[in-house]
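Trainee: Chains as they are written, first to last, in my numbering: chain L, 1 to 120; chain A, 1001 to 1310.
Hints are computed from structural coordinates only; laboratory data are not their basis. There could be a bad hint or two in this list.
[To be verified] One side only, chain A facing chain L, incomplete, derived with CB under 7 Å:
#, residue
1, ALA1186
2, THR1187
3, ARG1204
4, ILE1208
5, TYR1211
6, THR1259
7, PRO1261
8, GLY1262
9, LEU1267
10, GLY1268
11, PHE1269
12, ALA1271
13, LEU1287
[As the list claims (entries may be wrong)] Restraint ranges, calculated between C-beta atoms of paired labels, are given here:
#, chain 1, residue 1, chain 2, residue 2, range
14, A, ILE1227, L, ARG85, 27 to 33 Å
15, A, ILE1103, L, ASN26, 38 to 44 Å
16, L, ARG85, A, ILE1042, 54 to 60 Å
17, L, PRO97, A, PRO1261, 25 to 31 Å
18, L, LEU4, A, SER1024, 52 to 58 Å
19, A, ASP1283, L, LYS75, 37 to 43 Å
20, L, ASP44, A, ILE1227, 28 to 34 Å
21, A, GLN1171, L, LYS2, 40 to 46 Å
Every residue gets a Cβ at the ideal spot worked out from N, C-alpha and C, and that includes glycine.
Listed here are the chains, written in short residue letters.
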Amino acid sequence: MKLLEIKELLEAEVVSGEDNLDMEVNLGCAADLMSDILAYGKPDSILLTGLMNLQVINTANISDIKAICFVRGKKPDENIIKAARNNNLIVLLTNLPMFETCGRLYKKGLKGLGYLGLDM
Amino acid sequence: MDNIRKTTKIQELTYELKIKDVMSKNVETVSSKMPVSSLRDILYKKRISGIPIVNDDKLVGIISIEDFITCLEHGEMDALIEDKMTKNIQSLYADELLVHAVIKFEKYGFGRFPVISRKDKKLVGIITKSDIIKGVLKKLETAYLDEEERRYRASHIFNDVVADELFFKFQYFVEGKNFDKAGEAATGLKKTLYRLGLSPEIVRRTAISTYEAEINIVAFTKGGQIIAYLEPHQIKIVITDKGPGIPDIKKAMKPGFSTAPGWVRELGFGAGMGLPNIKKFADKMTLRSKVEKGTHLEIIIKLSDYRKED
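Model the full assembly from the supplied sequences, consistent with the hints where possible.
Mentor: Below, the structure written as structure tokens:
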């Protein structure tokens, strides 16, 4: 799914990576626990989170995640936007709550991680 | 993890480059009819550790600084080089693949090999381990500059390199309790490994394990350090701190067990998944800890099945 489509579906604001909205992500993952993203996140996906700090940017960067959408109207500070830009991450902000955010994207065909299995 | 590439970029390069591409061409040579004492000036002034012995353009032996010292100890400075040199020489052809040099260095443990031309067996150069490193890095740099997405200068690689030879060592200091800087070591290491051409899957697994370990140093200790060793067959990451240590390692390894304070949890960590995550992404993980003394964590990520041949 193109990020431009995601932006429109979520009525989101773009604060980093405005020029790259024609990029595609192949799945979405939603979590506030960064260790779960590190464990199960997939490259070229979009991370949906209600957590707002620099470690979200680091986690996405480390996990090769392309885009982040902060939900529930959270606003990033300058440092976070700067770090995202430095790492070529696309950052969206939506006022929607998490469930609604996931639901809108899933309904339009964005896939999740599927069944994770118990490989821990 | 089915998509792990079988070779790393560096290993690939040793199959792409030829020995003549990386060897030193201006070789100091000496005739075998000269006395051992004549080596003194060359060894000292040129700061080299071994000299090929050549008579009428033909390579007849090699003499090392160790041979010279032995002669010095025994008062044999007037002896002829031909009586003291190594005659049974291992040499390499200029048109051989670089990987053959790598294998020969491992096999014989010599510091250098003379390089001869296949056609007339004349000496054309000499190769050391540092010639290999320099050659590979230069090639990486060229390949890198060719890349469209050149956000960093490839020469930056050299800033992180502490040791030379066939190993790279990258060292990072991590401050305790400073969450603003947490992640700098892991993201720095990730960029460096990526620029060195390792496969994305290997880089990602290394980065995630390092990041979780780094978060642990920040969350629980007064500070520590992360040292990553890039070796021919694996990446070894050694993470150490000076305490407080882990009282019960078995418990700490259990997914969901955590002693993290609230401020760590607020940042999206501290749910007891750090160590289990490291275990998940590492090929091998060793954890030792002493209460009040500190913790020593070692993570191994295997690069690939190293190709054995010759």
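Trainee: Could you tell me which of the numbered hints above are not met by this structure, giving the numbers in increasing order?
Mentor: 6, 7, 8, 13
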